[in-house]
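Asks: All chains should be modelled from the sequences, with the hints used to inform the complete structure.
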Amino acid sequence: MLPRASCPFVGGRLMLRLDANRSVTFCDGLTRRDFLHAGSLGFLGLTLPEFLAVKASGAVDPKKDVNCIQLMLVGGPSQLDTWDMKPDAPASIRGPYKPIKTNVPGIEISEIFPRMAKHADKFALLRSVYHTAAAVHDTGCQMMQTGRLFQGGLESPNYGSVLRFEKGARGDMPPNVLIPYMIGQLGGNLPHGDTAGFLGKAYDPFVLNADPSETNFKVPDMLPPDYISAVRVDRRRDWRQMIDQSVKYFEESNQDAKLMDSTFDQAYTLMTSAKAREAFDLTQENEEMRKRYGLNRFGQGCLLARRLVERGVRFVTINMFETVFNDITWDIHGSAPFSPISCYSELVGPMFDNAYSSLLEDLSRIGLLDNTLVLATGEFGRTPRVNPAGGRDHWPQCWTVVMAGGGVKGGQVVGSSDSIGGAPKDRPVMPSHVAATVYKCLGIPIDKELKTPQGRVVRLVDHGFDPIDELLV
Amino acid sequence: MKRCKYFLPAALIALLAASYAGQAFQESGNDATYHQKVKPKAPPPGPPAEPVNYPKSALARIDILPASIALVGPRYSQRLVVEGTFADGHQEDLTAQAQITSSDGNIAAVDKDDFVQPRADGHTTIAATVEDQRASASLDVKDYSKIKPLSFRNDVLPVMTKMGCNSGPCHGAAAGKNGFKLTLRGYDPETDYFTLTHQALARRTERMEPAKSLILLKPTLTIPHGGGRRFLLNSPEYKVISGWIAQGMPAPEETDAQVTAIQALPHEASLRPGAKQQLVVTALFSDGRREDVTRWAKYDSGDEGVATVDNQGDVTMHNFGEAPVTVWYQSHVAFSRLRIPFPYQLEETVFKNAPRHNYIDTAILKHLEALHIPPSPTSSDSEFIRRAYLDAAGILPKPTEVEAFLKDTSPDKRNRLIDQLMKRPEFVDYWAYKWSDLLLVSSNRLSDEEMWSYYNWIRDSVAQNKPWDEFVREIVTATGNTVENGAANYWVIHRDPLDTSENMAQAFLGITITCAHCHNHPLAKWTQKDYYGMANLFARVRLKTFSPSGARAGIGPLFNNVTVYSAPTGEFTDDRYMTVLPPKPLDAKALPETTPGDTRIYFAKWLAAADNPFFARSLVNRLWRNFMGRGLIEPVDDLRATNPATNDELPDELVRDFTSHHFDINHMIRTIMQSATYQASSEPLKENAPDDKYGSHYLIKRLPAEVLLDAYSQVTHEPEKFDGYPAGTRALQLPDTAVKSYFLNAFGRPARQQTRESERTSVPTITQALHIINGDTLNNKVRAPDNSIDAMIKRGLSDEQIVNDLYLASFSRYPNETERAALVKILHTAEQQKTSGVDDMRRNALNDMLWAMLTSEAFMFNH
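Keeping their order, the protein sequence lines are chains A and B.
Sequential numbering of the first sequence, starting at 18, is according to this note's numbering.
Sequential numbering of the second sequence, starting at 7, is according to this note's numbering.
Worth flagging that the hints you see were computed from the coordinates, not collected in a lab.
Do not take every clue at face value.
[Stated by the list, open to error] Pair by pair, the computed Cβ-Cβ distance ranges are:
| no. | chain 1 | residue 1 | chain 2 | residue 2 | range |
| --- | --- | --- | --- | --- | --- |
| 1 | B | P602 | A | P104 | 49 to 57 Å |
| 2 | B | A102 | A | Q258 | 53 to 61 Å |
| 3 | A | Y266 | B | G294 | 54 to 62 Å |
| 4 | A | P462 | B | K692 | 34 to 42 Å |
| 5 | B | E577 | A | S362 | 31 to 39 Å |
| 6 | B | T600 | A | S362 | 41 to 49 Å |
| 7 | A | Y266 | B | P417 | 22 to 30 Å |
| 8 | B | E577 | A | I117 | 31 to 39 Å |
| 9 | B | Y60 | A | V474 | 20 to 28 Å |
| 10 | A | P357 | B | G734 | 25 to 33 Å |
| 11 | A | P462 | B | L207 | 31 to 39 Å |
Glycine is no exception: its CB is placed at the ideal position from the N, C-alpha and C atoms.
Replies: Given below as structure tokens:
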């Protein structure tokens, strides 16, 4: 199909061009590149002239903003078997794994992470995190993704949604993405804090809903079928809007209706963005690269996250697992339907080690590590004393969070736990402190006040919780 | 997240850090503990943006809360509240303005804080005066000279619970704290007594010198305490504990009086923005005694935007709406519903004249009136027919059915439509599907033969309108071959007593007990003993199986030809809990430990009983949710005591109706659909737009995945082909959610792995939008040769007629003049527009218009 060098505005609205792949200058001097950006203005809430003005002023320079990749280590890694080893504790506590040296003298981590040990200069270990809410997965998910426990009917937004709310999108790329699926059954029915909560569903992340390790992985349905031309795509979109004139009150009174409209807008945006399509195309990476990350859902998810951040996505959440039931995860209670402690060396450890190390290596190599906070955490730690089934149970009283990039000073340990890893000994911090640190890296003031639909004013991070400055450069 | 309430001097902080791992005292909401000098955790919301000018209203009456006071012994006092009701119906806490006196100062006196203090045995009255209104309360004092020792169970433990000593983050944690472990919120006084008096070299309680007890030194921060200062020296808390120690630390006895219920007053009130309302909480004991426990109860607001409550039960009202304030004391829960009615100017007759078809409307309107939220007018016939078909049978009405209904002028046509709908086979399909969701019917856990057996049994039960109690009882006690007895498949899916226990609770009682697996439930009263006691009811179920027919990863082998039976004996224990507990349904009476026989029968009797507080309630709540879009209690699998319904009376009335009609589901469906509440328009009025839970208007909801797919097939006349099923099988007729369908997964079909209502979602996503814009499913139906568009073209219909028919098929109504004209106009233009090489421009234009209709919100939502 030949591109038409005509004015891109048809009947007052920007026509979708799905096929232009030659450099084209339109009658009013706009280049194709600008035009492609223009298709996505819905994200930014700008019109074309505004966008051009802002672009000229440099306000949307991607290099100034800090991105974030949050790795949710669903199940809750045991601190004693991963990043806070206690080799001198009795056998009933220290577990089966031995510590190994890293490339930073004085810092040792579990033998299950040999590759990660070569990058200790890049990450910081925060070994004194704790919380005092119920020791279930749901509460940990809430707190590690939003900084807060959900109480009194208030569902706080997660970091990515706040970032989107504050800074909008960069060009065509969705500002916040969740890979690969939302967290599912963790044993409770409380929310997990993986959405925009009271900010409104319009700020929810784009959920991939596909497994990036599958052979024919692609974001499903990104392009119209060949029997529907661009003209028809356009008019379908217009006519749909027209028909909904009769039910305008839906969006005024119902969140889901409002969101449906927004999802259609975002879908059209993605469709017109060659850049977005390319970002999600893992076949552009060679076999070598894909193997380095690990040919599994988490590994390929991290690779995809790296590509997305390279191309302008601000926040990517990667859920390492979706459920702790009947799956091999960090949740090593030791008996069915949960996981055995041996899975750390057999599956989960290597899975994390390869993906995480590759991610840090790549981000560092590309020069994005300083601009990209990589936050890895579970919902809690695990019991220092090995239980009768040979596993460890939930232990929110003490665990380790791993942070790198985005202003974090690598090669250090902040905080420490007691001799059995059961309680923080020094520099105890709570999820809200971690949240404050994350927001500081992202450049969002922690005392910012957000408003709920009921008019309630909520501070971004609860009063009294400051960023953990020792972690930062 | 609440923080430490006290400012600790720097030196003390250093000391703490050095000796106690610097654990700053923090707590979570549900385990929050309170003390007098609480600092608010977040600034409460301000008053509403536009202050209301309330016209002056005269004080109409006052009441003393509580209305009758009984003080036993010299130790207890009674807090008083004087509640005023004004001519316009609003309430105010007038205690501060009231003159409160005792008629006989020798028997009792009212102190300056408005507490009644006993003086001598006898009977008298308390009188209150505000302006020209008077009220009185009766007062009895007895046993004034009998000094009963402080009770560990009823005096000491409640203080410790209130102070948070035994809360989840502190000594009530599974492992306790610093070697001191109490039972979570004091659920086991005997164990706690032993811990306090015998452990730690008995230093926790020093009988000879109570003030030297660790249990007093630490929480007053006389010596370092990781939990910080919990109460002051010589405070009432201190006096209770030290008094009890001085008395020789009498142990809790089996014969102690126990709390049977608590009562929070005022039970409900309509207040104004900024108003303060003190609650009074009374505990009723098994020996008839009543005690004011306001000071020791724990408080929580269900909506802090509307009301916040401090640790003494003093509520501050903020914005319009209603907040149920939860009151907790010794594992009992009560609510006070406090509201600020909306300030709209409404016609007096709005509520009086609103249609009331049955008791549902009476209960809903009563509450709406208290909130001052007017109901929307009734829906149009078009809206009603489409809605009823979708909610009851998951299908759209055909154009001929719509036309007939619209033409019909009989006054009872809606009721007759409901009756007809309930006779259709699609009605049976829809409800069989819904119960299959609940019972997890899927090929992931069952072989094909068994899956069909289960599904067919469910479908037959629906077709016969089998009473719900019978249905459940048959499942719970099922035995025999799983192909012959479909219900027995429940026991193939749930083979582990713990999983069975949890599933029984969730599916049939709407309660989640999972937390109690490892420790006592942090949010409800279920203990770990309850959990394991219940599991023991299912310890004898056995499966006799033959050769495996396959396997599913993570689940295990699938079998054909399974026989379910109950072994005559057998108990359940596991690594976590190795004592055998007598089989016991939750908190009901236990069976003797070695009862022979099928213990499931006992469970079934307890479960499917009219007096089981959760069984009927859970089901009527699920039914309500199906039609109204939201349960009266949400989530529907979380009916715990601390999760209030949005309407006090209605759940009880629905339960009464359900049980008195012998658990007749169809009767409840009919009653709900006949109500004016169900039939109200979905279009909100300005004054009820913010309401999304009190029933002032119908809540629009996106069509569930299967209904949407079937609707697409229905309007296009192009059925969906499912792998392994004959052509023409509708999505709602599938017995299995594992049937491959990208569309159904994207639109939120549940995996049927867990009985959670939230497994099914209807939140719109970009994935869904992309799929209906670009994906195969809808596009193939729209462009298929011989679909409905093709048929209309072949019949020679004009554009106008086609628009008309498509509106009837999709929206169950005629297009209005403007719509018809506009659509016909754009069709004419589009039909001239060449859009690609090959072309049937008319067909393309019509396809595009059909697509636009089927993807509109008007189509995709039920409204």
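Asks: A separate judgement is required for each hint: does it hold in the structure or not?
Replies: Hint check results:
Between P602 of chain B and P104 of chain A, the C-beta spacing of about 53 Å keeps the proposed range 49 to 57 Å intact. For A102 of chain B paired with Q258 of chain A, a C-beta distance near 58 Å keeps the hint of 53 to 61 Å intact. One distance hint, 54 to 62 Å for the beta-carbon pair Y266 of chain A and G294 of chain B, holds here, with the actual separation near 57 Å. Checked against the hint of 34 to 42 Å, the pair P462 of chain A and K692 of chain B passes, with Cβ atoms roughly 36 Å apart.
Between E577 of chain B and S362 of chain A the CB atoms are about 36 Å apart, so this pair conforms to the stated range of 31 to 39 Å. Distance hint check for T600 of chain B and S362 of chain A: the Cβ-Cβ separation is about 45 Å, which falls inside the suggested range of 41 to 49 Å. For the pair Y266 of chain A and P417 of chain B, the beta carbons lie near 28 Å from each other, so the given range of 22 to 30 Å is met. Our hint of 31 to 39 Å for E577 of chain B and I117 of chain A is violated, since their Cβ atoms are close to 46 Å apart.
For Y60 of chain B and V474 of chain A, the hinted distance range of 20 to 28 Å is satisfied, since their beta carbons lie about 25 Å from each other. Hint check: P357 of chain A to G734 of chain B, Cβ distance near 48 Å, so the stated range 25 to 33 Å is violated. A hinted range of 31 to 39 Å for the beta carbons of P462 of chain A and L207 of chain B is inconsistent with their spacing of about 52 Å.
Of the numbered hints stated above, those contradicted by the structure are hints 8, 10 and 11, listed in ascending order.
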